[in-house]
Amino acid sequence: MALSLSAMAQNLGGQSAHWKVNRAETTIRFAADASSVTDYTIEREALSDQGALIVGKATRPYHRALQRHEVVEAYTLKADGRKLPVAADAIQVQSGIASGGTSPSMPEMAIVMLTFPDVQRGDRTVLRGRLTNHTPMLPGWAQAVDLIVPVVAFDLVAIRLEAPKALGLKVFSDGFALQRSDSADTEVWQLQASSAARVLDPAGANTLTSMSRLYASAWNDHAQLARAYGEQVTAKAVVTDEVRRLSLEITRDKASPREKAAAIHDWVRHNIRYVAIYLGYGDCKDQALLMQTLLKAVDIEAVPVLINSTAEYVLPELPTLVSFNHCILYLPGLDLFVDPTDSRVPFGALPMADSDKPVAVALAGGAKLMRTPPLAADANRVSVRSVWRIAKNGRASAGIRVEATGYAATVLQDRLAQIPPDMGGEAVQKLLTASNMRGTGAVRFPAVQRDVQRQTLELDLDVPTFLAEPEAGSISANPALTMLTFAVGYLGNYAADELQLAMACLPVRVREDFELHFAPEFKLLRAPENV
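Heads up: the sequence shown begins at 1 in the numbering used here, then just goes up one per residue.
Here are the simulated DSSO-like pairs of lysine-lysine, each with C-alpha atoms no more than 27 Å apart in a straight line:
#1 170 to 368
#2 57 to 83
#3 285 to 296
#4 285 to 236
#5 392 to 523
#6 368 to 285
Since the hints were made in silico from the structure, they are not lab data.
All chains should be modelled from the sequences, with the hints used to inform the complete structure.
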């Protein structure tokens, strides 16, 4: 799975003061059939009491159908040199990863969880393990990834790769010292690096390119990965009598291929949630395969698309597990990308996470790299009109109307969907409080309809102390409210003197019109220019 490294940086922000990695040593031995055995050692040191809590726990995920994990040795290394082994009952295995909402659940995964004994500040924890990848994720695909995520310091990262020449392993590294050697039938790569801790831009894009990183792959390009994945998926897209009946039922009133595709897309996104298909839930691969098969039943071609839904807008140098973390579909006959996993976004549109991304498309005539369409500002609009009336005692009333289209409407719908029935007044009070105002009000909006990217919202406000001292004072030319224009949330760290990374921005066109009506007793001394 690809990592959202900027999100990780925010979640782990400030941890460099609490712990560090003394050494992370890895040896990966590949076989000619693309299977591999990974031996690793990781030693971490607690720099504070909080750090002791962190390094006192360790987790190692693995795929139960493809991999086998063994804990070879685990112990606490006390500051005085004593070794305290991890007890057998302090090693637990969790089967499956369950998630709520639209996040994917992964029943095929397992997590080894260790608790180290008596870890105090100044102590170290050491874990030695072996991961046997007995079945490649795709036939013939040997691959490996190592990323140094600089939220903490790494004193030493040492990696050794061994592969038979017949495998044709390709290796790319950046930020590592690399030595390569070979014998008659084996290639060996030895890499070494260290890394100081630093803060990543929280809204940074293409974070992978800023990492010291290692990619190894038996395949040259991402199209080869898409081709192999597409072959496996297509073999599973079997139209049974049950599937055909369901597809015909879903599309019975539809005439054109686009109408049929839209109906099937809507059925999948409304009826299937992330968690096995027969229970009404599934991961992105399940949902894409289901939609592909339903479309096939009514003679509409759809092919799988591999995409990275994190803020990565360029592909890694070699095809590895971090290249993609999501699967959507491409409909060649309609020249259209669709994501049936996002129940918020209607047919014909993509969520922001899928927009303007490089993708590997498993076309029937040969896989190729394409790019999903970007969001367009002209189709992604927010319009806010507000009328404020200020009485002579400083009390203000306001009427505000918000209209949103495109992905802006989806974001507004997300927020409105969180307001419980009959709780509009409380929502307005919370909005006013967040905007440093006190008052009451009402909210009105049509029921959220996820089949269209249009949404309106109306607010009526009463703010008794809008002007605390009405005899003299000033107000903002536009008494803005938090939430109404959501674009600011996508601006990122725009105040930084220097950015380390590119910044992902949401294309949006915002128009705001406002009126201020003062009681006749007021005398306006100065108005802002250029308004």
